[in-house]
Amino acid sequence: DVQLLESGGGLVQPGGSLRLSCAASGFTFGRNAMTWVRQAPGKGLEWVSVISGSGDITYFGDSVKGRFTVSRDNSKNTLYLQMNSLRAEDTAVYYCAKSFTSNWDANLDYWGRGTLVTVSS
Amino acid sequence: EIVLTQSPDFQSVTPKEKVTITCRASQTIGNNLHWYQQKPDQSPKLLIKYASQSISGVPSRFSGSGSGTDFTLTINSLEAEDAAAYYCHQSSGLPLTFGGGTKVEIK
Chain A
77 DVQLLESGGG
87 LVQPGGSLRL
97 SCAASGFTFG
107 RNAMTWVRQA
117 PGKGLEWVSV
127 ISGSGDITYF
137 GDSVKGRFTV
147 SRDNSKNTLY
157 LQMNSLRAED
167 TAVYYCAKSF
177 TSNWDANLDY
187 WGRGTLVTVS
197 S
Chain B
17 EIVLTQSPDF
27 QSVTPKEKVT
37 ITCRASQTIG
47 NNLHWYQQKP
57 DQSPKLLIKY
67 ASQSISGVPS
77 RFSGSGSGTD
87 FTLTINSLEA
97 EDAAAYYCHQ
107 SSGLPLTFGG
117 GTKVEIK
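Heads up: the protein sequence lines correspond to chains A and B, in order.
Take any residue in the first sequence, count from 1 to its spot, add 76: that is its number in our numbering.
Take any residue in the second sequence, count from 1 to its spot, add 16: that is its number in our numbering.
To be clear, the hints were calculated from the coordinates, so they are not data collected in a lab.
Heads up, a few of these hints could be off.
[Claimed, not checked] Derived DEER-like restraints, expressed as beta-carbon distance ranges:
hint, chain 1, residue 1, chain 2, residue 2, range
1, A, Glu-165, B, Ser-93, 38 to 48 Å
2, B, Glu-121, A, Asn-160, 37 to 47 Å
3, B, Ser-23, A, Pro-117, 35 to 45 Å
4, A, Asn-160, B, Ile-122, 14 to 24 Å
5, A, Ala-99, B, Ser-81, 31 to 41 Å
6, A, Arg-189, B, Val-74, 14 to 24 Å
7, A, Lys-152, B, Ser-76, 21 to 31 Å
8, B, Gly-84, A, Ile-133, 25 to 35 Å
[To be verified] In silico SDA-like cross-links for lysine to any residue, where the CA-CA straight-line distance does not exceed 20 Å:
hint, chain 1, residue 1, chain 2, residue 2
9, B, Lys-55, A, Gly-118
10, A, Lys-119, B, Lys-61
11, A, Lys-119, A, Val-195
12, A, Lys-119, B, Arg-77
13, B, Lys-119, B, Gly-84
14, A, Lys-152, A, Gly-131
15, B, Lys-55, A, Gly-86
[Stated by the list, open to error] Negatives, chain A to chain B, calculated, CB over 10 Å:
hint, residue
16, Leu-94
17, Arg-95
18, Phe-103
19, Gly-106
20, Thr-111
21, Arg-143
22, Tyr-156
No residue lacks a Cβ here, since even glycine has one placed at the ideal position from N, Cα and C.
Work out the full structure: start from the sequences and follow the hints.
Following this line, the structure appears as structure tokens:
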């Protein structure tokens with residue numbers, strides 16, 4: 077069975093940094109693009125970033141561009157999201173999700189349980 | 017950016033009723049439209065891919081239709097376990113976007 081397990085969330089002060097991880101199992105990790113989606117408390121879903129299966133192509137939403145980076149280690153079946161210069165509006169549950177293909181242009185067929193990031197002083 | 021507009025925002029429905037949720041894209045996206053269900057305190061789950069393709073393990077009462085700019089998610093004979101928020105999502109262009117969501121409540 078496909079499993080995605082996020083970790084690394086927590087409370088951080090404005091301007092601080094945090095690195096999220098997503099450990100994947102149950103599929104050939106390097107064959108699929110991976111996506112980060114976030115959900116602010118009581119709000120809808122917001123796409124954050126996507127990385128191709130090989131890791132050489134990345135895209136970001138405008139709200140995080142220049143502050144967040146995404147990477148993956150296919151030898152460890154792990155996806156990362158480095159978040160810098162955090163703001164209160166970045167407070168959300170962060171989900172990692174598996175793309176149906178190796179590129180960004182597909183549905184998200186499996187999602188993790190999410191990890192909560194709270195940005196507050 | 018491709019904006020997805022869902023309607024209604026909220027629907028209160030009696031069990032066994034039919035539910036229809038619409039998603040309108042701000043520009044044509046072919047069939048690159050997917051539907052997700054998110055139950056309270058759970059992560060989203062894929063319900064329908066590419067506008068109308070069913071997903072293994074999803075009950076047959078869920079179906080999708082549409083292409084271009086107008087899409088519909090239909091739940092035939094609603095069950096109590098279908099209480100959830102439903103989101104559409106487009107994978108036609110970057111940035112990837114989601115609709116604002118439709119919350120379905122069981123009367």
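Hint by hint, here is what the structure shows:
1. A:Glu-165 x B:Ser-93: 38 to 48 Å: Between Glu-165 (chain A) and Ser-93 (chain B), where Cβ atoms are some 40 Å apart, the hint holds.
2. B:Glu-121 x A:Asn-160: 37 to 47 Å: Given range 37 to 47 Å: holds, Cβ gap about 40 Å.
3. B:Ser-23 x A:Pro-117: 35 to 45 Å: This hint is violated: roughly 23 Å between Cβ atoms.
4. A:Asn-160 x B:Ile-122: 14 to 24 Å: violated, 43 Å
5. A:Ala-99 x B:Ser-81: 31 to 41 Å: This hint holds: roughly 37 Å between Cβ atoms.
6. A:Arg-189 x B:Val-74: 14 to 24 Å: At 19 Å between Cβs, range holds.
7. A:Lys-152 x B:Ser-76: 21 to 31 Å: violated, 39 Å
8. B:Gly-84 x A:Ile-133: 25 to 35 Å: holds, 28 Å
9. B:Lys-55 x A:Gly-118: Holds, because 13 Å separates the two Cα atoms, which is no more than 20 Å.
10. A:Lys-119 x B:Lys-61: Holds, at roughly 17 Å.
11. A:Lys-119 x A:Val-195: holds, 16 Å
12. A:Lys-119 x B:Arg-77: Between Lys-119 (chain A) and Arg-77 (chain B) the Cα gap is close to 27 Å, so the pair fails against 20 Å, i.e. violated.
13. B:Lys-119 x B:Gly-84: violated, 24 Å
14. A:Lys-152 x A:Gly-131: Answer holds: Lys-152 (chain A) to Gly-131 (chain A) is near 13 Å, not above 20 Å.
15. B:Lys-55 x A:Gly-86: violated, 23 Å
16. Leu-94: holds, 20 Å
17. Arg-95: Arg-95 (chain A) clear of chain B: closest Cβ-Cβ about 20 Å, beyond 10 Å.
18. Phe-103: The claim stands: Phe-103 (chain A) keeps its Cβ more than 10 Å from every Cβ of chain B (closest is about 14 Å).
19. Gly-106: Holds, because the least Cβ-Cβ distance between Gly-106 (chain A) and chain B comes to about 20 Å, which exceeds 10 Å.
20. Thr-111: The claim is violated: Thr-111 (chain A) sits with its nearest Cβ about 7 Å from chain B, within 10 Å.
21. Arg-143: The assertion about Arg-143 (chain A) holds, with a minimum of 15 Å to chain B.
22. Tyr-156: For Tyr-156 (chain A), whose nearest Cβ neighbour in chain B is about 19 Å away, the distance exceeds 10 Å, so it holds.
Hints 3, 4, 7, 12, 13, 15, 20 from the list above are not met by this structure, while the remaining hints are.
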